[in-house]
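Chains as they are written, first to last, in this note's numbering: chain A, 203 to 478; chain B, 10 to 324; chain C, 56 to 497.
It is possible that some hints are incorrect.
Stated by the list, open to error - Think about it this way: if two alpha-carbon atoms lie no more than 25 Å apart in a straight line, the pair counts; the simulated DMTMM-like pairs of lysine to aspartate or glutamate are:
no.	chain 1	residue 1	chain 2	residue 2
1	C	K479	B	E219
2	C	K245	C	D356
3	C	K480	B	E175
4	C	K125	A	E423
5	C	K277	C	D366
No wet-lab data here; the hints were simulated from the structure.
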Amino acid sequence: MSRSSVPWLRPLVALAAGAIFAIPLYIALINVFKQSGQVAGGVMSLPSPPTMDNLVRVLTGPDSLFWSSLRTSVLVTSLSIIILTVLSAMLGHYLARHGGWWPRAIMVLLLCGLMIPPQVILIPVTQVLKSFGLMSTLPGLVLFNVGYYVPFGVFVFSGFMKGVPRELEEAAAIDGATRWQTFWRIVFPLLRPATASVLIFLGVWIWNDFINPLIIYGPREGTTIMTGVYKSLGQYAADFGGMFALMFLATLPILVFYLLLQKQFVKGLTGGATKG
Amino acid sequence: MAVGTTERRPGHAGAAVRGSRARRRRWPGLWHFLTFAAPGTLVYLCLVLAPIVLSVGYSLTNQALLRPRTEFVGLRNYELLLRDETFLNSLRVTTILTLIVVIVPNVLGVAIAALLDRRGWLYNALRSVFFTPMVISSVVISVIWTRILADDGPINQALRALGVREPPGWLSDPDIALYSLASIVCWQMLGFCVVVYLAGLQGVPQELAEAAAIDGAGPVRRFLHVTWPLLAPALTINTVVLLISAFKLFDHVKVITNGGPGTGTTASVAFVVLQEGFVENRIGYASAEAVVMLIVIAALSVITLRILQRREVQL
Amino acid sequence: MSTRAKRPALDRRPSNDRMFVKRGAVALAVVLVASGCAGGSPSTPASDGGKQKVSFLVFPSPNLPESYWKSQVDLVTKAHPNLEVELVAAPSESERNDYAKQLAASGQLPDVQIGMQDLTALEPSLAAWTEQELKDFLCPTCGAVNGKVVQLPANTQTIPNVFYNKKLFAKAGIAAPPKTYAELLATADKLKAAGITPFVSGGAFVTSQPWTAALATDLYAKAPDWMSRRRKGEVRFATSPEMKAATQKFADLAAKGYLDKRQIGQDYPKTQEAFLSGKGAMYPMGSWFAAAADASDMKADIGVFAWPGDDGNLRLPAFTGGGLSVSATAANMAAAKEFALAFQLTKENLDASVKADALFPAIKGYTPPSDTGPVFKSVYELWQQALDRQATVPPFGWEAGDAAMLPGMQGKFWSAAQDLVSGKKNVDQVLSFLDTEWEKSG
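Isolated chain A, as found in the complex (with noise of 0.2 Å):
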């Protein structure tokens, strides 16, 4: 066989596609730590000296467009993904224990919204969270979010509903717990893979929208910080540096919470990915 005659050509092969892919990463990381004349001359070069000018200027700019923005978006991100989390561990409980055709219904209700993109609600979405009198505001947003995502939610979660037995369920309530105890301390604890799934695309979507901030969020409140980092191409246009620093300090929260949680969410694409 080819393969094990020469062994050292998968390594070899597939470090150099990675490499090859990842240039445009490189790229962008080492404009980080150029001097800002620098990153309009030589582009792959390395920073020499490196510099953390351009970090420092964005951490201390006097707007505190960053720290404002990086708040807002950890607010909106933490607050979505845990509502979302619970309202769609709970709603995938529902529908994976009943039959019918009620709970068949919102099943394909919500298979449906996994489809829908945000641009076709959007202009509506304005008008209903305007009558709520939820129109520009953080509550209204992560409003948005948990409706926008929760058919991704229970889609995931209904999924590994099915892996967890019943009869677990039925000894619980002989014991006496209430379903809601049951439900919390029992189940919830087995979709852990699951759980992980939807935290992380869940915290990567919401933590990276950009134009449903824009126009939901609204100008005045500050801005969630890739909306910031949007908004800010204007000002930076002329300052490469300044603009990959505030790019990677914006990336730099999920990629670690990704990084985090990875394990465990590699495994929950695996759970859905061969189980169906």
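Chain A is already provided as a structure; the job is to place chains B and C on it using the hints.
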């Protein structure tokens, strides 16, 4: 929902659970529904389903937010759409984008997953590398690539160094810009495909491959006849996810080309809908476009899902 | 495949559980620490009970960074301590109109805006100015929409001037700037032969600048009422011979390779940088470029001339308007108007705007400071010359209110310019496209 709320009696939760036996007989799981499913369903109803209904309603009017003299115009917006060069062009743009974004990451994804389907730190690290763009915001990805594809960016610098006098205008030549944009999206989505295919490969029982190897099948034949059929669920997931992502592509268009160069060269349907709705402020017209978009994506998803799942069953 | 090791199944070992809890806790801690840090920063200034709050939509750009807007506002609030102004930034200079319209559409337009261009579309959302409020402005009715003045006509800009690089002209053996259109073509040809890109071009609105110039000398010089006739439906883009001739001139510049079509994907700041780093000899651009030119090292090497017509007579496209406007739904209308008027009439503010953005304030009795840069001086002089000879015409695509194209058309005009330069469409196709879009906007 209506039934649920009319039957709801005041009183505390504990008492209601104990007294719910009679109701449970008529409505299996009603209490379960109210406590577990109702909150999520309600938010979804208000912020997704109701807006869709509203969109359909708006699409039958000439509403424009800045000129509040709305009239019912029936299907006129839809008639106009059929003759609107901008909208028809956006359908063409989205079709091309979708075809490329569904096919390329799928093909490359299988190849790279097969390459990385080994244990060890190197392969784990590479898997993370391929997945990283999925975790990064489209805005950031778009800015990075705009820089790379600029006329004085690294690619054209390299081409000039190789003696190409007039390297292509990756984002400014109307014949190329759309394909540059599609490539960027492919690059970003590739990691997702790789991870899903890798997960699928883990589910392939190695006994099957061994048996085929003993029968004298080469690596290519083993892949085509043993591994690939077993990757059917992964293919389904990837195809549907790519299809939906490509169809609602907006962020990259907005940041990289803003629909240009020129008129509508890279203006996707999602871009045109938001442009009409929030910039030109033609709410009625934009809603009609949104409804058409929704119908197309729903039809495409259902058809794709049907075909791929039938294939899964047959295999 | 035979060497492949068996993978552990999807088991849930307790160690994994603990791991998960641990990682979750770490993630949560990171989140909390991050938000804690952020919470400590002065993101929201404590509001003073007695102050009137006004929100102000501005557009940060390389010329006008966030700090410029801050200091401009500080000048006003120093003299009007009762006002507290909150800055709202639009994504970029070229997108500020789209952004404002989007905010207006979702009912979130800030109280005061600067430099809005699509006044017809925004008119229902804007408050009208009274004659009394407009008494200090040179052209109090400029930019009126349906007879209503909704934007303070605060300054004049000439769009475009042709900025040129004296060193590159000398290098190509060109002694003096061209006086007629034929000379302009000859100049471009000489530059091209010397291996120099004749015109620096760029994306967004930059592409259309030579077109606006050609329309000034060939259309507006002959038919000053063209736009109002187009609005009445008496002329059309596709059937108007002057329009066609001017557009053909612009298309020919691209066809002859005097404009580099690869530059139409370039954003505005980069385009400016390209000219300032000598990547092209001529740069047709609005008078505001003088500010960036004077701030650069090559200010002494930049000259200015007006885009020449066939006959060589001076025609300079000039536009008055572009000042502040106030939202019709401003929470505190009196404060918003007070701020807007103070911003436009305070001498220090005007001086700063002259220096940072090379504006020509259209305020009665105002003269620019004497310490401006050489490029500003020559642009200003050119404008004064045009005023003396009554040679100003409207800048096509930049007019405001009733003198402008219909709402939404400006963007189509810009993208149509790119289609001409890239060769995607020919002159007839572009002109009939503009007619079609015009019908759609109406």
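Of the hints given before, which are not true for this structure? Of the numbered hints given earlier, the structure breaks just one, which is hint 1.
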